[in-house]
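Asker: The task is simple: from the sequences and hints, build the whole structure.
Chains as they are written, first to last, in the working numbering: chain Z, 1 to 317; chain A, 318 to 618.
Since no wrong hints were added, every one of them can be taken at face value.
Partial pick of chain A residues on the chain Z-facing surface, computed with a CB cut under 8 Å: (1) D459; (2) L468; (3) F559; (4) Y583; (5) I596; (6) F597; (7) I601.
Hint data in this document are derived by calculation from the structure and do not stem from the laboratory. Note that the Cβ used here is the ideal one computed from N, Cα and C, for glycine as well.
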Amino acid sequence: MLLYALRRLIYLVPVAFGVSLLVFGLVHLAPGDPISAIVPPDAPKEVIDKLKEYYGFDKPLPVQYLRWLGVTLTGDFGTSIGTGRPVASEVASAFGNTIILAIAATTLAFTLAVILGTAAAYAKSRIVDRLVTLISLVGVSVPHFWLAIVLVIIFAVELGALPPMGMGPENSTGWRFDRAHLAHMVLPTIALSVIPLGVVTRTVRSTIKETLSMEFVTALQAKGMNDSQILRHVLKNAAPTCLAVMGLQAGNLIGGSILIETVFAWPGTGFLLNSAIFRRDLPILQGTTLVLAGFFMLLNLTVDVIQTMVDPRIKRG
Amino acid sequence: MAIQTPSLELGAPLVQATAAAAGRGYWKSVARRLRRDPVTVICAAVLLLLVASALAAPWLGLADPYKTSMLRRLYPLGSPNHILGTDELGRDMLARLIYGGRLSLFMGVTPVVCALLIGGLLGITAGFVGGRTNMAIMRVMDVFYAFPSVLLAISLSGAMGAGTENTLLSLTLVFIPPVCRVSESVTTQVRGFDFVDAARASGASALTIVRVHVLGNVLGPILVYATSLISVAIILAAGLSFLGLGVKPPEPEWGLMLNTLRQAIYVNPVLAALPGVMIFITSICFNMMSDGLRAAMDVKA
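Answerer: If you want it as structure tokens, here you go:
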């Protein structure tokens, strides 16, 4: 097991190298030069050259890449062009806020998905099955940023029941576990959970249905086992597939939270990314993308390892 | 909006599909099954209507979608001359929603078609040639897989700057890896079948084998997958425009309209939600079409 995890970790090295190349390349995809974003158009040439030297943009690309990689590996992501603060600390605090929301949204989505999916797979009546299928279809088809706006319209504008934006009351800094802060989480959590709810419900339903048609279930029934005991065996067999999909969805939710965070002005990585794009703050864009991609890779690795732990049938070479 | 890679257990239905796919009879029976599926027929009709109205927009006698009027801002639904009201600059909403379909549908379909061509070519090459070529292509794809799809699209668009071309480019890049992975895995499976060996032994060239056997078998699963990808692409493209990274104003586009109408949620909330309804209808129809196609092509059924 440990050996497998280690092997997978080593395999990640070339992928991580590719990812770093791509993230580094982001800056050079940008039109014009990265310095032009922060200086006025009539700035004297000496100032521009000084700044270029300061940020290292005067060196040839491979040198720039190696320098950037070396510095980045030590955990130094550079300085934000917009605020002048270190990128690492900005990304770290935003990442914390995104995780808070992600934990709430995935908990909600996965719990509901397992219940609905299992119910649909077991349902004797077609109506239940149809209904659950419809829910999961809506989940994957609804533009979630639109749903976020609709939620704001209903619960904040019309009913005035919940706050429309922000992470907490105006004068509070950081997140605390209290009523006011939790109220701010309700709408973004719901909006974020629809996609994973749709996808995971679908997976749970089809996996359990498939498992139920396997011969071992008939054998267990013949042995006289009751339904709840059989369900345990079925869930155990369906778990690996469902876990894999859940892991991927959790990662996508964290990496894709930009639209929801923008609608609700939730100060997470997505919000940071959005403001970085509009201030042309490329170090922040790079840093956030790198951290999110790194997290996504590690999450996928963890899911793979857990999968082999749960399912001894999977032997990976 | 997350890209789901379909389960790759294409093996069982594939083998059966192969036997049936030999003649035109297979596609005929698929069409017959599709016609008998009311949900798919309705979705196809709705999509056809959307596409047709978007294409025919200039001849439908609609108001000018660009004409602003400071006096007629944010009229509610059901106003005379403006059935769906007016937006924050006094432009007719019905006209903008129908004209908006042009860009929104174009930006959803184009990246998927491009990704199908490029990703399909790469995937079939990787699967058919195998060995080092396969390694090289698939490892590059792994790098793109290390990013959550939305993050990749937004970072690329964000770095390149707003604009329709940049959005199309970044969306195409996002969709190439999943298409490549699916076509690679199907091609690898097909290559292992005896009929490919038989074809080779009887002197068929590599090109003929790819054209007849590989494409014949890859096309079905890829088509099903691509239909569901269009739904993702439409939401993602609208999302980028919503963030200000896609289409630029004053062009009518559903995502951008949602963004500019956000300021109106306190004045005219129903109006502000309308463009999203269009995105929702389009995306759910493509998803249901994909399900219908999947069911119709699955020979087991």
